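Visitor: Take a look at the letters that make up each chain.
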Amino acid sequence: MQTRSMQTREAKKWVDRAIIAVLLLMGILMLMPFFWLFSMSFRPAAEAYKMPPSFFPPSFDVSNYQTVLASSVPFLKIYWNSLYVAVLVTIGQLVTCTLAAFAYARLRFPGRDSLFFVMLIGLMFPAQVTILPIYLGYAKLGLLNNPLGLVLMGLTSSFGVFMLRQFLRSQPKELEEAALMDGAGYFKIFWRISLPQLMPALGALAIITFTGAWNAYFQPRALITSQDSMTLPIAMDLLRGYMSQGNLSVVMAAMSMAILPVVLLFLVAQKMVIEGVTFSGIRA
Amino acid sequence: MQAGYVFVLPSIVLYAAFVLAPVAITIILSFTYYDISFGADWVGFENYVRFLTEPRSLEIFWNTLRFAFLAVSFNVAVGLILALALNRAMPTVLLYFFRLAFFLPVIISAAFVAVVWSYFYSVDFGVINYYLAQLGIGQVPWLSSSKFAMTSIVIMDVWKNTGFFMIILIAALQGVPKPIMDAASMDGASPWRRFSRITLPFISPVLFFCIVFASIGALQVFESIMILTGGGPGDSTRSLSIYLVDEAFGSFELGYAAAVSVIMMILVLIITIIQIIGSRRWVRE
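Here the protein sequences line up with chains L and X, keeping their order. Its first residue numbered 1, the first sequence is counted upward by one per residue in my numbering. Its first residue numbered 1, the second sequence is counted upward by one per residue in my numbering.
Hints were generated in silico from the structure; no laboratory data involved. Fair warning: this is a prediction, and the values are worked out from it, not measured in the lab. There may be inaccurate statements among the hints.
Unchecked claim - A partial selection of chain X residues facing chain L, derived with a Cβ cut-off under 7 Å: (1) Tyr15; (2) Phe98; (3) Ala171; (4) Ala258; (5) Met265.
The beta carbon of each residue, even a glycine, is placed where N, CA and C say it ideally should be.
Based on the sequences and whatever the hints tell you, model everything.
Guide: Below you can see the structure in the form of structure tokens.
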């Protein structure tokens, strides 16, 4: 009896080890494209197509990075556009979504629930359904080929309002009620009581929004054609066209720079990113 | 009590301008022949009839559904398997490594990811084909053959997105009550039985969310296809979203493109409704 249970325990331990070994292997495979990308970006052009591919670059050659910055594609300007759009969109969403979420979660006013419902419906419309009128409107307003256009259309989101509202609703109300009794105005309650409670959720929303804006491809592609107004994801397409024949390493250097902010953000705020994602999934 | 309106005003105005009004206008546009310099001519259902009678449409429609079905099944299934495998005690270092490895692709733009993968997939100097050749398997025309192109896109999509579902499902698995599990183990329930009778029913609402969420995303797939194949070879990977963008910004057939996007929206709605109805059979309330 004793030995048998020891045997099963032993077997279980081996199963655990096997599972972890398989997961490790898969994890390494998952990371391979990133490794390959970085490694390729430090390789001299001639090495890029060498077979068999060497895992590590023969030397750390930063000339590919210099080539990107010196190329005819205005990479720094494009980088700046991406930052500009992603930062402003993030700030905008934090403001508009927090205000709205506070009202939907904590205030009473006629039509509140219908308004919230209409807002929620927004989660269902594919970007493809809104893009044509936005394109036509922007053409009239001169906002095509203007990063500001991308900012404006990203200033609020149903997702943000929904996420923050759910979060606020799960927080205790007592403090606010007490403050209300003491004669505090709604704005004061919002600023002094609700906002501090919302901080962790705001962090998660900020990361999700920034990453989303940084990564956006569909709308920028439809609304922007001039190189000077591009954001990184569409520029990457362009760079590939220019350089793929001759120099793969240069494209990979540009790509490494393009994914850097998001990778750093993830490494620094891993916990927050994952909690934000889980939150959005679980309580939706 | 009217303070509420002040707080919701900014979001409502922006939402009306960038979501509600555009959706309404797209629906109206879809009944017109729209010329950018001359304006709109009402043509009734002509655009819809055109889509439904165009011989290409069937393949495009089928591609959209096929991609969504494959991407959703594999993304959620692989995500679930990974979640189950990861939902056990292990050293923190490993946990961090797995989070990084499986979640990093999720947060990188599909546009960036697809550029890298297009080199992986290239026939002559692609890394994948090189190693396949080493294994004695010949060259696979990953993106240039209509037989493989869709599969290649699905493989990349699963690599990119499965980590998202994994994370959500891990959170769901952590909510499965341990006492029930332990009691079942004591009673000698096999791992499969514990999974199918306890775990699965318990996580079914989250699993359902994953399926719906994945489907909505996959039916709208754009950048991965655009960058890897641009819809080709032929029409073999052309999805509704690629087609509508070609029509809108390539041929400037805005009315027709609007009709295609309305059809896409209806497709998303129908699939979501079917899933909600179907879920009554298997999702635990």
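Visitor: Hint validation: Ala171/X versus chain L, beta carbon distance must be below 7 Å. Holds or violated?
Guide: 4 Å, holds
Visitor: Classify the hint on Met265/X as holds or violated, based on whether any CB of chain L lies nearer than 7 Å to its CB.
Guide: Given a least distance of 5 Å, the restraint on Met265/X holds.
Visitor: Report holds or violated for the interface hint on Tyr15/X, using the least CB-CB distance to chain L and a cut-off of 7 Å.
Guide: 6 Å, holds
Visitor: Under 7 Å, Cβ to Cβ, is where Phe98/X needs to be relative to chain L, so tell me if that hint holds or is violated.
Guide: Given a least distance of 6 Å, the restraint on Phe98/X holds.
Visitor: Taking 7 Å as the limit, does the beta-carbon of Ala258/X come near enough to a beta-carbon in chain L?
Guide: Since chain L brings a Cβ to about 5 Å from Ala258/X, closer than 7 Å, the hint holds.
Going down the numbered hints, you'll see the structure goes against none, and every one checks out.
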